[in-house]
Amino acid sequence: MLCARNLRARSKPNAITVARMGRLRGIVGVGAATVALGALLSGCAGPGTAAPTGAVDAFVTAVSDGDGSAACAWLAPLVAAELEQQSGEPCAQAVLAPDVADAVGGAVGGAPVRTQVFVGQAIVAADAGTFFLATDGDDWRITGAVCVTRPGMPADCVLAGG
Amino acid sequence: MSPDEHPVSTRTESARLRTALRENGLTLVFAGLFVAALVGQAFTGLAIVNREQAAAALAPISLARYITSSTFAVDVAENWQSEYLQFLLYVLVTVWFVQRGSPESKVPEAAGRESDEDQLVAEHARPDSPAWARARGWRLSVYSRSLTLAMGAIFLGSWLAQSIAGTTAYNASQLRDLQEPVTWAQYVTQPEFWNRTLQNWQSEFLAVASMVVLSIYLRERGSPESKPVGTPHAATGVEG
Chain Z
0 MLCARNLRAR SKPNAITVAR MGRLRGIVGV GAATVALGAL LSGCAGPGTA
50 APTGAVDAFV TAVSDGDGSA ACAWLAPLVA AELEQQSGEP CAQAVLAPDV
100 ADAVGGAVGG APVRTQVFVG QAIVAADAGT FFLATDGDDW RITGAVCVTR
150 PGMPADCVLA GG
Chain C
0 MSPDEHPVST RTESARLRTA LRENGLTLVF AGLFVAALVG QAFTGLAIVN
50 REQAAAALAP ISLARYITSS TFAVDVAENW QSEYLQFLLY VLVTVWFVQR
100 GSPESKVPEA AGRESDEDQL VAEHARPDSP AWARARGWRL SVYSRSLTLA
150 MGAIFLGSWL AQSIAGTTAY NASQLRDLQE PVTWAQYVTQ PEFWNRTLQN
200 WQSEFLAVAS MVVLSIYLRE RGSPESKPVG TPHAATGVEG
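Residue numbers (numbering that gives the first Met the number 0), protein chains in the order written: chain Z, 0 to 161; chain C, 0 to 239.
Hints may be right or wrong, so weigh each one.
What the hints assert, rightly or not - Listed next, with one range per pair, are the computed distances between beta-carbon atoms: (1) Z/Val147 / C/Trp95: 52 to 58 Å; (2) C/Ser145 / Z/Pro150: 43 to 49 Å; (3) Z/Gly136 / C/Ser145: 46 to 52 Å; (4) Z/Arg149 / C/Arg50: 44 to 50 Å; (5) C/Ala206 / Z/Ala50: 27 to 33 Å; (6) C/Leu16 / Z/Ala50: 50 to 56 Å; (7) Z/Ala50 / C/Ser61: 18 to 24 Å.
No lab work stands behind these hints, which were simulated from the structure alone. Note that beta-carbon positions come from the ideal geometry of N, C-alpha and C, so glycine has one too.
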């Protein structure tokens with residue numbers, strides 16, 4: 000089934016950036032956020048969406064629906080690996096942990112305010128969080144989720160990978 | 000079929016082709032080298048990008064996608080602009096600046112734009128001179144600078160292309176590092192843009208200066224870029 004598509008097999012995580020889980024804990028509006036962006040996609044949509052906003056929508060919707068496997072399928076492999084390493088749990092469980100789910104849900108509250116694509120890399124800025132993505136074949140994978148960008152420095156992200 | 004049995008027209012065409020190849024060999028050789036180098040650059044650049052994709056556990060991209068990307072475009076354009084700048088400056092600077100003993104230079108007495116008689120223009124033009132060399136006014140003025148105008152236009156176009164493609168490629172790098180992208184106006188004030196530019200310029204300027212000086216003392220028999228082997232070191236503006 001498409002929405003249960005598994006992450007590809009991965010070896011040991013090659014973590015460079017530590018996912019700063021919980022930094023955005025407490026952001027409110029999980030339900031409202033996911034409804035707006037998730038409307039464009041079914042909650043079960045898997046990778047195969049050609050637009051970066053679609054990947055963000057699907058990821059947020061999957062988290063909102065409690066479908067950890069589908070949510071993790073939208074994460075770049077190193078991001079999922081980093082999450083697993085940090086949490087000590089499989090990605091499908093860790094991505095639904097309250098601190099992550101709350102932050103993901105609170106990061107989006109309507110249409111993205113800005114989407115830019117540059118040579119296989121994309122940024123989708125939403126109301127209360129920014130997502131970074133990279134192309135993976137015909138799909139987009141999230142390389143940084145619920146991020147706060149900082150001048151001259153890498154963004155501070157709830158989910159990020161090496 | 001023996002050569003004698005070839006129709007006359009076929010032999011004539013074959014001879015014409017050989018003549019055309021011989022008379023345009025210099026252009027054809029460099030055009031071939033250009034294409035070969037560009038193809039090599041495309042494949043090696045793709046390998047670099049896909050190594051980065053693999054390091055991020057992401058799928059590789061195709062050659063078609065790579066050669067239509069700004070990553071490839073900026074690498075091509077930044078070298079083009081510097082090469083055209085090199086020749087633009089060389090053509091222009093050698094009008095006024097000389098180097099005694101160099102076959103690349105005029106004799107010191109000829110520095111400057113030179114007379115109409117020397118340049119075979121206007122009433123001094125020959126019957127077989129280009130039409131605009133026989134003219135006066137703006138056409139003669141434009142034609143008298145047409146080489147630098149063409150080289151300059153290509154240089155500026157390539158430099159602009161470098162800046163535009165460079166902005167996109169730089170932004171891809173920024174996003175890969177989870178940083179905000181920049182605008183074109185911001186990019187052209189970044190060290191990234193000027194470093195890419197200046198690292199090419201310095202090598203071109205060094206190569207020209209080396210050629211000017213080395214050709215005073217060293218020779219390559221038969222090359223028009225060299226003085227004849229037996230020419231004294233002090234002889235200026237003599238090409239083989």
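Numbers of the earlier hints that this structure fails to satisfy, in rising order: Structure breaks hints 4 and 5.
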